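Q: Protein chains in written order, with the numbering used here: chain A, 3 to 200; chain B, 1027 to 1484.
These aren't lab readings, by the way, just hints derived from the structure by calculation.
Treat the hints with care, since some could be wrong.
Stretch by stretch, here's where chain A covers chain B in the computed footprint (C-beta under 8 Å, at least three residues) [what the hints assert, rightly or not]: (1) 1216-1226; (2) 1289-1300.
The calculated label-pair distances, taken between Cβ atoms and stated as ranges, are [unchecked claim]: (3) A:Ala-185 / B:Gly-1358: 23 to 33 Å; (4) B:Asp-1366 / A:Asn-158: 36 to 46 Å; (5) A:Glu-76 / B:Gly-1358: 22 to 32 Å; (6) A:Gln-119 / B:Thr-1256: 49 to 59 Å; (7) A:Pro-116 / B:Gln-1465: 51 to 61 Å; (8) A:Glu-58 / B:Gly-1358: 20 to 30 Å; (9) B:Ser-1301 / A:Glu-58: 47 to 57 Å; (10) A:Asp-82 / B:Ser-1286: 32 to 42 Å; (11) B:Thr-1256 / A:Asp-67: 48 to 58 Å.
In this text, all values refer to a predicted model and were calculated from it rather than measured experimentally.
We put the beta carbon where it would ideally sit given N, CA and C, even for glycine.
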Amino acid sequence: MNQRLVVLSFVVIAAVAAACKPPAPLPPRPVRDGNRDSLIADSIARWRADSIRHAELARQERAADSLKRARENEQRDAVDNTDEMAILRATIYFEYDRADLSEAAKDLLAAKIPILQARPTLSIMITGHTDSRGSSEYNIALGLRRAAMVKEWLVNNGLESSRIEIMSMGEERPAVLGEGEHAWSQNRRAEFVPLVGE
Amino acid sequence: MVTISFVNRCFKNKKNAQRLAAVRNIRALVLSSVAVFGVSSTSLNAQDGVRIGMEYTLGGRPGVMVLPMEGDKGDSIWTIIRRDIDYDDRASVVNMSAADSRAFVPVAGKPINFAALAKLGVVWVVHPRATLAGITVTLYDVAAKKAANTSTFPLPSEPNSPSWRMAVHGISDQIGFWMFRTRGAAQTRILFDVQGAGELWMIDSDGANARRVAKGSYYAMSPSWHPNGTEFVFAAQENRGWQIGSHNLLSGVTHFKSASMRGLNTTPAFSPDGSIIAYSNGVASGGTNIVVAKIGSTAPAQRITVGKGSDNTSPSFSPNGRRIVFMSGRAGYPELYTMDIDGTNVQRLTETDYGEKSWRASPDWSPDGRMVAYQSRVGRDFQIMTIDMRDRSTKQYTSDGENEDPSWAPDGRHLVFSSTRSGVRQLWVVDVETGRLRQLTKQPGARLPSWSPLPAKK
Chain A
3 MNQRLVVLSF VVIAAVAAAC KPPAPLPPRP VRDGNRDSLI ADSIARWRAD
53 SIRHAELARQ ERAADSLKRA RENEQRDAVD NTDEMAILRA TIYFEYDRAD
103 LSEAAKDLLA AKIPILQARP TLSIMITGHT DSRGSSEYNI ALGLRRAAMV
153 KEWLVNNGLE SSRIEIMSMG EERPAVLGEG EHAWSQNRRA EFVPLVGE
Chain B
1027 MVTISFVNRC FKNKKNAQRL AAVRNIRALV LSSVAVFGVS STSLNAQDGV
1077 RIGMEYTLGG RPGVMVLPME GDKGDSIWTI IRRDIDYDDR ASVVNMSAAD
1127 SRAFVPVAGK PINFAALAKL GVVWVVHPRA TLAGITVTLY DVAAKKAANT
1177 STFPLPSEPN SPSWRMAVHG ISDQIGFWMF RTRGAAQTRI LFDVQGAGEL
1227 WMIDSDGANA RRVAKGSYYA MSPSWHPNGT EFVFAAQENR GWQIGSHNLL
1277 SGVTHFKSAS MRGLNTTPAF SPDGSIIAYS NGVASGGTNI VVAKIGSTAP
1327 AQRITVGKGS DNTSPSFSPN GRRIVFMSGR AGYPELYTMD IDGTNVQRLT
1377 ETDYGEKSWR ASPDWSPDGR MVAYQSRVGR DFQIMTIDMR DRSTKQYTSD
1427 GENEDPSWAP DGRHLVFSST RSGVRQLWVV DVETGRLRQL TKQPGARLPS
1477 WSPLPAKK
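Please work from the sequences and hints to get the whole structure.
A: Here is the structure:
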């Protein structure tokens, strides 16, 4: 008796489920009343929604690109600095969740090497930083990976390993406060502090 | 109930409006019958001039009335115990003023009116009273019409001092034990850090007594309790690097694992017996590994993950002390893994969600061992999730703002986490059974909480 009741209720639930279609996805499907005007209106609305979305994505991409170019220019300008200590201290930047070096970053690192080689008593402290996305504990590790990547490049290009120290502050010491790509692009960085007499 | 709401969603066109209305009526009927079996939220007239109502409940938790206490500290003890029972989320506290509930206090020749209380849906009555030794509490079972438990609790002499409040929370937890056979977690504290300031703070489970601890010139983060509840470890940065510090709350002394502040040592966690700590150690060639070190031993820490340049961090021990859950970027993006404490038998715990970038971090193993709480990226923001260790089913507890860093309460029922839902990062507590939320801190930047164990049994 009980079993039959259970089976019966399953049948009822299955019947209800079969009769029931999942909610329509957005944007809504064309109305199937044969009305040409409404079909056209519908596709125009969808086309508009699509183009607004694409325009927004493109705008975000352009904004990110222009921020990326701004960081690249900043690094390239630093290379041309007349003050050698300013070149030594100049910051390099990274892409989101990445530790690999851009060409602009490598050019700036290359400019630091002869300055350090001309001053054998100087060593350098590299501190990796991240933007505020990601977990803060992971970001400490990511910042270290960035600093280590910089160190590796400097060593591969002739600087003694013993003159380089690395550290990470993760997302703890942002250069620019706030959320959004404007702040993030400036916070994904490695900073350089010359150490004297070590 | 599930079937009804399913049907309800399905009837979208106008033809079925009548049937929809009928379904709504059925639903209202079912809801009202739940209200009869559970606790009504409407006001009832109990006795002349006494108004009573229940706080909103989910699914009919037993009603508890806390009788007012005579004497100068009475009101605050009454307030603390009521709040603790409410925050415990297992019972529903009768919402009646101290003055009104005075009518129910038993006096010589006039016992408790159990019949009236039963009609109001009250299942338990808590009767605290001041005695020479401290306070004596009796728990009455309304259905049985008699006292179920009585005990006397000593209280520190200084009312409202941190230790006095903790002692009152201990009474609440004992009442919870009498009612449900397991203690609540009121007599606990939560450590956290303040991002940007690099300060460590401690706060009582009810949000009282927020105070700074382990002050120093260093930048501190990621505090984590020793199982004894009087010491904790944390990561501290000064000048050249990060080192593991440990602080004793009784002596106020802070030690560092190494005199040199070099290296990159972060995210420490104690094993459940307090004999070893696991933490993450950055290597000069890049990458971060989890290492374990015996407490009190001078032997170097032993590496237990094979980083190969990946990030391995945020370890948390299983309650039996045999396994560690941790976050690793070895697959190219952060996911959770488990391993034995010697680094063998590594297993991936969380699976990739296709169609979005996976990102999971900050695991914390539940006190009963059955679940791991963690943060997972859902769309743009992190949300608090749990994964069942047996069938790998997951559950999401938050959706508003960015929610991170979950830590289990020793009752295995509540999680403390950081959330930006109020506009700034604060600590919040969620009851994993009902999803009920409360804000714990009023301190912008509060994050990386660690919920203390229950105090050791005397």
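Q: Would you mind marking each hint as holding or not holding in the structure?
A: Checked hints:
1. 1216-1226: holds (count 3)
2. 1289-1300: holds (count 3)
3. A:Ala-185 / B:Gly-1358: 23 to 33 Å: The hint (23 to 33 Å, Cβ to Cβ) holds, given that Ala-185 of chain A and Gly-1358 of chain B are roughly 26 Å apart.
4. B:Asp-1366 / A:Asn-158: 36 to 46 Å: Holds, at about 37 Å.
5. A:Glu-76 / B:Gly-1358: 22 to 32 Å: Because 29 Å falls inside the window, the suggested range holds.
6. A:Gln-119 / B:Thr-1256: 49 to 59 Å: holds, 53 Å
7. A:Pro-116 / B:Gln-1465: 51 to 61 Å: At 56 Å between Cβs, range holds.
8. A:Glu-58 / B:Gly-1358: 20 to 30 Å: holds, 28 Å
9. B:Ser-1301 / A:Glu-58: 47 to 57 Å: holds, 55 Å
10. A:Asp-82 / B:Ser-1286: 32 to 42 Å: holds, 39 Å
11. B:Thr-1256 / A:Asp-67: 48 to 58 Å: holds, 54 Å
Hint compliance for this structure: every hint is met.
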